[in-house]
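Undergrad: Sequence:
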Amino acid sequence: MSKTIKFFLSVFAIAAILLIIFISTGANIYTDWLWFKELNFEKTFTIMFLSNFILRLLIGAIFAAVIYLNLHFTKKPIKQFINIKSDDRVENLFGEERNQIFEWLNKKRLNLIYVFSSLIFGFLFSSISSNSWKIVLKFLNKTEFNSADPIFNNDISFYVFSLPFYTFLREMGMVLVVISLILVGAIYIVFTGIHSFSEISDKLGSRAKKHMSILVFVFLLFKAWDYRLQMYNILFSPEGVVFGAGYTNVNADLLGYRILFVTVIFVALAVLYSLFKNNYKPLVWGIGAWIGLSIIFTGVYPAFVQQYSVEPNEIDREEQYIENNIQMTLEAYGLDEVQTQDFELAEDELSYDELMEYETVVDNIRLWDYRPLQTTYNQLQALRQYYTFQDIDIDRYQLGDDYTQVMLGARELDQNALATQAQTWVNRTLKYTHGLGYTMSPAGRVRDNGQPEFLVQDIPPQVNNQNINIDNPSIYYGEKTDNYVIVNTNETEFHYPSGDQNVYIQYDGTGGVEISNIFRKAIYGLRFNTMKILLSDDINNQSQIMYDRNIHQRVRKAAPFLQYDNDPYLVNAEGRLFWIYDAYTTTGLYPYSQPFNQSQNYIRNSIKVVVDAYNGTLDYYIIDEDDPIAMTYSKIFDDLFKSGDQMPDSIRQHLRYPQDLFKIQTQIYRNYHMEDPVVYYNREDVWAIPQENYQGTTIDVEPYYIMNQLPGEEEAEFILMTPFTPSNRDNMIAWMAARNDGEHYGELFAYRFPKDQLVYGPSQIESRIDQESEISQLLSLWSQRGSDVIRGNLLVIPVNNSVLYVEPIFLQAENGGIPELRRVIVSYKNQLIMRENLEEALRAMFEEGEGLAVPEEDVEELQEETGVDLEETGADVDDVDLDAEEDQSQQEEQTPEEGETELMPASSAELISEANDLYQQAQQNLQDGDFAAYGETITELGEILNQLSRTGE
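Counting in the UniProt record's numbering, the sequence shown runs from 1 upward without gaps.
Watch out, some of these pointers could steer you wrong.
Said to hold, decoys possible - Straight-line Cα separation of at most 25 Å, BS3-like style, residue types lysine-lysine; simulated pairs:
id: 1; residue 1: K557; residue 2: K635
id: 2; residue 1: K210; residue 2: K277
id: 3; residue 1: K43; residue 2: K635
id: 4; residue 1: K108; residue 2: K43
id: 5; residue 1: K76; residue 2: K223
id: 6; residue 1: K532; residue 2: K134
id: 7; residue 1: K142; residue 2: K635
id: 8; residue 1: K209; residue 2: K134
id: 9; residue 1: K532; residue 2: K43
id: 10; residue 1: K76; residue 2: K277
id: 11; residue 1: K663; residue 2: K142
Just so you know, these hints were derived from the structure itself, not from any lab.
Please read all numbers here as calculations on a predicted model, not as lab measurements.
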């Protein structure tokens, strides 16, 4: 094969590869544009695509042009070098190949090399700005915060929108100058025959010196700008007693940056002076001063101020800056308007009648933990192997006169769960396309068999409450809709199973992109890497292809510049199904604000995204128009965002304050409720998130939704709350709530308990449950019977200036059983009650006044299983312990005084010792779950105590 043929084959292969890449990339871009067009977001797509493309093209062009311009000035020494015919230095560099190289390297080819090299550098460095389009667009459309920083008095928008843009320009400029300086410097050194630093001054020509001096001058100007920008960065200093500028930053670092800024300007001017006057003394002195001042003002002087001025007087020096940090942090997290109140505990005992005055609160105490309930739903309501409940959501509905907290889950289709034989392209793409409906149950009600009381259940959805309406239960867009599907085809879609038959339908919504011609079929076949879309006879001109259906991916694709919550939730609004997704605006450039992660220190839940589960439409509603970042985005993407006033009331009444945001706010508020700088500095009142027991594991208490009537309010409402405990203590000191309903949505309250009264914290209640012998024995007994005991969320319920604690107990068979709610534990003050349901527990606690922690039938069951008579033996561990303490006290009282020789009878001492040994053995048996041995030991202990009692007589 000749060289010519090989050459043309190589060119053809490269061209084919480039063509395939181009077509594949073009197919993805075109189908993405169709996806945005389906949602009526064409302008948003165009802005994101073109702004990124144009910015990268502009940066690439600037880099290429500047680099080429600098390379162009190096042509003259290269030409002179090529024209030298007899030079030993050239021979040393190139040897015998010198003539061939320079015969080939003529003026035209050198220019082509420069052009090609410049384009390569421009392309490479344009890619580093792939996300910079957002910085540029936000700078051009910035919105004022109407709040200033306390040091420079700049509006916060300067730091959030302008400073990143200036930093971006400075970085690009410095990189461009450095690359140009390296390239031209290397060329001048090589083609002037320089072999050492000592030869630079003599051999480097005037043209080269001027060229490189100008580049150094420009670099120094950028460096001076860098020092100017670093002055603002002291507001984000992580050093010192708080985040942000401290005393040393303001009085030492800032002074240093100002001095270095002036010094670098002087050095830059010295470069020009030395260039035209050929006098390098100012330059040398300038560089020396720069180095010396850098050492002093970036290291020595700040360290001196910190050690000898700040640390001996830290509270006095830092008080003002701590106050800045507290104020700005509270503003950044929306905590500056938290309403703090004292929660005065009632002196009188809470009665059952008083409790029942809060009927809505009591009826909606959430007994169902979402974790075991998800298993219950999947066991009872999935009904087919290809249906699944991906998540359980918590919401509230007005059901007639009842304001009811509910648990609900979407019944989604999991195509991966289809039988192996059914895993065909036709089934996955044309036939099994959607899920069906949802299951709903009240959060505070349970059936006699320990299972949920369903408001909506089965397939097709059966509604057990006349106030619930479901017109269209189909779910084409959800959390498990991971694959693309094609609807409105000649192949009818599976809707739901009905006995031995299946019900089929045709999609009649607006979701999906029409593939009405062969070109679109081909382009989608290319995107999804299959020819079946092009070849299938079932796809017609009215067919629609749905892709990027997973709502997690869908919202992020439409608006990738927002942050999103981890828990979207399903809503039934006027008979149709929607997903509500919380979106956040964030930044890490809010001055003085304490970061909640490594890069962010400001967050707002300003945007609610509503996703139609049937049509896939996306509505981005701005519900907080006081958020400057959200308003800036709305200026940029005016076709994407809608005003919150346009949200339908049927959707608005289901808005929830998001748990993810509340978690961040409560973590910050643990420290920042201390608004006094001195108190904050001393950490006198740090709070902590309490812990609870879940399936034998200690975890932090998650914020939870409850129905509650806040102090001073007349009606119960849906709130999100979390309790607080003091740091390194377990008692509860406060609780925080976020309101969700109506015009009060988003209001935050913090209620503080009296510091002179003990209020049990969640972990203390958990410990008391563990230590209550009858309860712990019964739970251990169930575990020994082959059931998993699941202790659900421990809920703190503030009501009528009192505090209730409620913990549900679930039992689940070890081999894939259904979790059933079998007991409810209620605690109030020093009492613990466990009953089969909440009503019985509350009656036993407040009305009947029963002393037993568990009902008599449970005690009898425990005695029958263990063979222990609890009443005769005093099996209550606390009672035994008390008896031992009393005996020990008697022993101490009978100890002879000094000088007496009478001793306690040996028989009594031996009995006490034996009783203590038996008690320890009984405790060990109880921990091991060996109830038979426990019963025998307790019996022996009872006999010893009886003997001891007779001895005392």
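Undergrad: Look at each hint and say if it fits the structure.
TA: Hint check results:
{"no.": "1", "hint": "K557 x K635", "verdict": "19 Å, holds"}
{"no.": "2", "hint": "K210 x K277", "verdict": "12 Å, holds"}
{"no.": "3", "hint": "K43 x K635", "verdict": "12 Å, holds"}
{"no.": "4", "hint": "K108 x K43", "verdict": "45 Å, violated"}
{"no.": "5", "hint": "K76 x K223", "verdict": "30 Å, violated"}
{"no.": "6", "hint": "K532 x K134", "verdict": "39 Å, violated"}
{"no.": "7", "hint": "K142 x K635", "verdict": "9 Å, holds"}
{"no.": "8", "hint": "K209 x K134", "verdict": "40 Å, violated"}
{"no.": "9", "hint": "K532 x K43", "verdict": "32 Å, violated"}
{"no.": "10", "hint": "K76 x K277", "verdict": "24 Å, holds"}
{"no.": "11", "hint": "K663 x K142", "verdict": "29 Å, violated"}
Taken one by one, the earlier hints fail for this structure at numbers 4, 5, 6, 8, 9, 11, listed in ascending order.
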